[in-house]
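**Student:** Residue numbers for the sequence shown follow the numbering used here, so the first one is 89 and each next one is one higher.
Since the hints were derived computationally from the structure, they do not count as laboratory data. Model, not experiment: these values are computed from the prediction. Wrong hints could be hidden among the right ones.
[Unchecked claim] Listed next, with one range per pair, are the computed distances between beta-carbon atoms:
#1 Glu266 / Val156: 16 to 22 Å
#2 His166 / Ser134: 47 to 53 Å
#3 Glu214 / Glu266: 22 to 28 Å
#4 Asp135 / His248: 20 to 26 Å
#5 Lys159 / Gln121: 56 to 62 Å
#6 Leu141 / Asp186: 24 to 30 Å
#7 Thr123 / Asp183: 55 to 61 Å
#8 Leu148 / Gln121: 36 to 42 Å
[What the hints assert, rightly or not] Result set (SDA-like, lysine to any residue): computed pairs, CA atoms no more than 20 Å apart in a straight line:
#9 Lys203 / Ile128
#10 Lys147 / Glu257
#11 Lys145 / Glu214
#12 Lys147 / Glu252
#13 Lys218 / Leu161
#14 Lys145 / Lys218
#15 Lys145 / Val174
#16 Lys218 / Gly155
#17 Lys145 / Asp183
#18 Lys262 / Ala164
#19 Lys262 / Leu161
#20 Lys147 / Arg190
#21 Lys262 / Asp183
#22 Lys203 / Arg187
#23 Lys147 / Met157
#24 Lys147 / Ser131
#25 Lys119 / Gln130
#26 Lys203 / Asp186
#27 Lys203 / Arg192
#28 Lys203 / Asp135
#29 Lys218 / Glu127
#30 Lys159 / Gln176
#31 Lys218 / Ala152
#32 Lys159 / Asp135
#33 Lys218 / Tyr122
#34 Lys262 / His248
#35 Lys159 / Arg192
#36 Lys147 / Asp186
Every residue gets a Cβ at the ideal spot worked out from N, C-alpha and C, and that includes glycine.
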Amino acid sequence: MARTVKATKAALKEADTLVESLRELVWIDLKNQYTAFEEILQSRISDAEEAILEATKGKLAIIAGIGVMRKDLERAQHRFTRSNEVNQLREFLVDLSDRIFRLREANDNIVESLKSVLNPHLNAIEIVEKFASDLQRSAGTWERNGREIDESIHELCDDHEPAELSDLEQFISKQGYEALVEIPVHSSSDEEA
């Protein structure tokens, strides 16, 4: 039996009300979830920025310290060639080894501080995946953006020790001074391997 026009209009009006209700619900969910997504993503960037800047300052300080140590070593070499005082050179090299060890410790602390950036509780990809699975829309675009964010953070994180530190140790070794003092063998990259 066919419906009356009045009953049809009433059913359409009820359907329109349900559509409007659904639109409102989707809009509220989108707004709430997007706000949370934006806050988590911004927090990820802010935390990474602070750690990366501090690590960069620390690496520059280490490199500056290496430069000072190299100059001190050159002066000690000149003094040794004039005086032939092995004990004085040995004492300097022991102190230099101590300073190198402290620089390695400082570098290890920098690497440790970058671990929270490199391995966060919730990285940008996971943030995007959660948002995309909640909404089931635009997951491909959001994942690509999340990957780009993580890739750019990883490119700034230099968790390798400065090459100058190894160069200094090799220089000491080439000069034949390792026989005078035992240089502690330590490498954060060896420990991680």
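**Student:** Could you run down the list of hints and mark each one as holding or not?
**Tutor:** So, going through the hints one by one against the coordinates:
no. : hint                        : verdict
1   : Glu266 / Val156: 16 to 22 Å : holds, 21 Å
2   : His166 / Ser134: 47 to 53 Å : holds, 49 Å
3   : Glu214 / Glu266: 22 to 28 Å : violated, 47 Å
4   : Asp135 / His248: 20 to 26 Å : holds, 21 Å
5   : Lys159 / Gln121: 56 to 62 Å : holds, 57 Å
6   : Leu141 / Asp186: 24 to 30 Å : holds, 29 Å
7   : Thr123 / Asp183: 55 to 61 Å : holds, 56 Å
8   : Leu148 / Gln121: 36 to 42 Å : holds, 41 Å
9   : Lys203 / Ile128             : holds, 18 Å
10  : Lys147 / Glu257             : holds, 17 Å
11  : Lys145 / Glu214             : violated, 29 Å
12  : Lys147 / Glu252             : holds, 11 Å
13  : Lys218 / Leu161             : violated, 55 Å
14  : Lys145 / Lys218             : violated, 34 Å
15  : Lys145 / Val174             : violated, 37 Å
16  : Lys218 / Gly155             : violated, 47 Å
17  : Lys145 / Asp183             : violated, 24 Å
18  : Lys262 / Ala164             : holds, 16 Å
19  : Lys262 / Leu161             : holds, 13 Å
20  : Lys147 / Arg190             : holds, 13 Å
21  : Lys262 / Asp183             : holds, 19 Å
22  : Lys203 / Arg187             : violated, 25 Å
23  : Lys147 / Met157             : holds, 15 Å
24  : Lys147 / Ser131             : violated, 24 Å
25  : Lys119 / Gln130             : holds, 16 Å
26  : Lys203 / Asp186             : violated, 26 Å
27  : Lys203 / Arg192             : holds, 17 Å
28  : Lys203 / Asp135             : holds, 12 Å
29  : Lys218 / Glu127             : holds, 14 Å
30  : Lys159 / Gln176             : holds, 17 Å
31  : Lys218 / Ala152             : violated, 43 Å
32  : Lys159 / Asp135             : violated, 37 Å
33  : Lys218 / Tyr122             : holds, 11 Å
34  : Lys262 / His248             : violated, 23 Å
35  : Lys159 / Arg192             : holds, 19 Å
36  : Lys147 / Asp186             : holds, 18 Å
The structure does not agree with the numbered hints 3, 11, 13, 14, 15, 16, 17, 22, 24, 26, 31, 32 and 34 stated previously, though it agrees with the rest.
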